[in-house]
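Top line first, the protein sequences correspond to chains R and B. In terms of our numbering, the first sequence opens at residue 1 and continues consecutively. In terms of our numbering, the second sequence opens at residue 1 and continues consecutively.
These are calculated hints, taken from the structure and not from any lab test. Don't take every hint at face value.
What the hints assert, rightly or not - In silico contact screen, one side only, chain R against chain B (beta carbon under 7 Å); selected entries: (1) 96; (2) 100; (3) 104; (4) 282; (5) 286; (6) 296; (7) 300.
Heads up, the beta-carbon is just placed ideally off N, CA and C, and yes, glycines get one too.
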Amino acid sequence: MSISLALVLEQTLNGLQYGVMLFLMAAGLTLVFGIMNLVNLAHGSLYMVGAYLATAFTERTGSFVLGVALALPATLLVGVVVEVVALRTLYERDHLDQVLATFGLILFFNELIAIIWGRAAIFTSVPQFLSGHFRVLPGLPYPTYRAVIILVGVAVAILLWVLVTHTRLGMRIRAGASNRTMIAALGVDIRLLYTLVFGLGAALAGLAGAMAGPLYSVQPGMGEAILIQVFVVIVIGGIGSIRGAIVGAIVVGMADTLGRAFLKPMLATVISPPAADKAGSALASMSIYLLMAAVLFFRPEGLFPARSRS
Amino acid sequence: MAISRRTIALATGGVALALVPPIAALTNQPFYVDLFRRMMIFAIAAVSLDLILGYGGMVSFGHAAYLGIGAYAVGIPAFHGVESGWLQWGLAIAASALAALVIGAISLRTSGVSFIMITLAFAQMLYYLGISLETYGGDNGMRLAGRSRFGGLVDLREPTVFYYVVLAILILFLGLGSRLVASRFGMVVRAAKSNEPRARAIGFSPLRYKLTAFVMAGSGGGLAGALLANQTEYLTPDFMHWTRSGEIMFMVILGGMGTLFGPVIGAVVLLLLEDVLSALTAHWQIILGPILILVVLFAKRGLFGLLVGPEARDG
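Bound conformation, chain R alone (with noise of 0.2 Å):
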């Protein structure tokens, strides 16, 4: 396999694509850890879980859109209701618990999705209407579906940064991230700010999950798979940081995309096909990890730290 130009532009996309659907898991895990100090392992099981409502949506009204348009809300209320039972009495208490009772929560809700849907992987296909290719460049066609789902990403981006940065809503919430005490002090009520930011992030990872659905299969413990690479781009971002998230997002996405894809070629120039073969799906699977590593490294509270969390 020789590497070509288009080649490498295509898989620079995919990796984009990948490293946004990473983003918008990124966004609502970072806000909630920033604000609650929470660590929601559950969150992949949200992301799950979206990725089911929207294909039932789907299945039931036989459009696609309107299957991702019902699946966010629906998501967003199984997070309010995960928030108000479950975690509401976790945020007090120290990351040993709340990881312990949020993987509680992810056998609860892999089991669940089992029962309703069953355990073997559900295949949809990407809708009608998006389904072909467009020319990126001349030369270089690029799946309709996958540049949709980039540009979704970066208008949630656009639009978190405007929320964060220019609403009333948003200044409670960076109030939040700095000052817990403070901002319930001056008379914010602070459980319900936790209630939507959380139902924030919900939204987000079954949007993510929604997406996924027509590209990735779709079955229980999809979730965790994914949340676990999230947690290396938090890591490497800096945790409670959305600016972190977003370049975390993006150095995984490449890392990982260009990496199954070219780290075989690369290594077979140098030594022989069979060892490369061997050696480079090995290292292809671990490179985000010893980035991880690597970074920490150098910046042990990564690359965006955010700057206060008390």
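We have chain R already, so just place chain B on it with the hints.
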């Protein structure tokens, strides 16, 4: 002096474990030898995790990685015809200690939630490494060519013999652990947990102590992994799956964090619970999940605390 509840509990537990094979033989239920051996192996893993989690305050979410390394350290030599248990188990301990050294040296630069995520991520990395080892079964894993051989000393193929070997290792491990925890080294690690700046102020460099404890815990996990490979006679990357790390962590919490014997009880109870629940329904995790949440929310002191009373700290 009256015999304390703790001594009674420990003696009862020890005798009960020692009596499992004869009772199983009498009632013709060899399955229980297998089950309790498995429990003790996980108990070793849980105790080793508790050394850093309970005593050192290091919330490592990747302890299953060492289990996997230990298992592969038995499986890979066996695959190439090296059956010596001394070599395999030694390799298991050495390899997992080395992995813990590298992982610890990087992870301990951070603390709190980053530490949790990083240890989890490293375990996941090793999990993917296991999957990519196609010579050794890749995703599906491989059968163990045969249980470890120890010359004419012991024969692990004999279920009861293997059972008592595991029991002896567990007791040895607990004895070593209680010496370690009470030693000067253990004091420094515990001091670093309760107040790191103060430990530093009186002249200790906590990082080195914490890293040493991390490596010890890792090698304990590796030994448990070597035993587990012999137990199942099969090994797969699933030994390193992150849910396994969560399970070991839950054993520690369930039994009682910061105690040596708590994790043993935790391992026994959790595996018993899984056994009972999975016989009840295929969807047993939907019951286990909420149980886990309830334990975390309401019974944080653990079963050992309930059993032994408020003076449960066993040093």
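Status of the hints after comparison with the structure:
no. : hint : result
1   : 96   : 5 Å, holds
2   : 100  : 5 Å, holds
3   : 104  : 3 Å, holds
4   : 282  : 4 Å, holds
5   : 286  : 5 Å, holds
6   : 296  : 6 Å, holds
7   : 300  : 4 Å, holds
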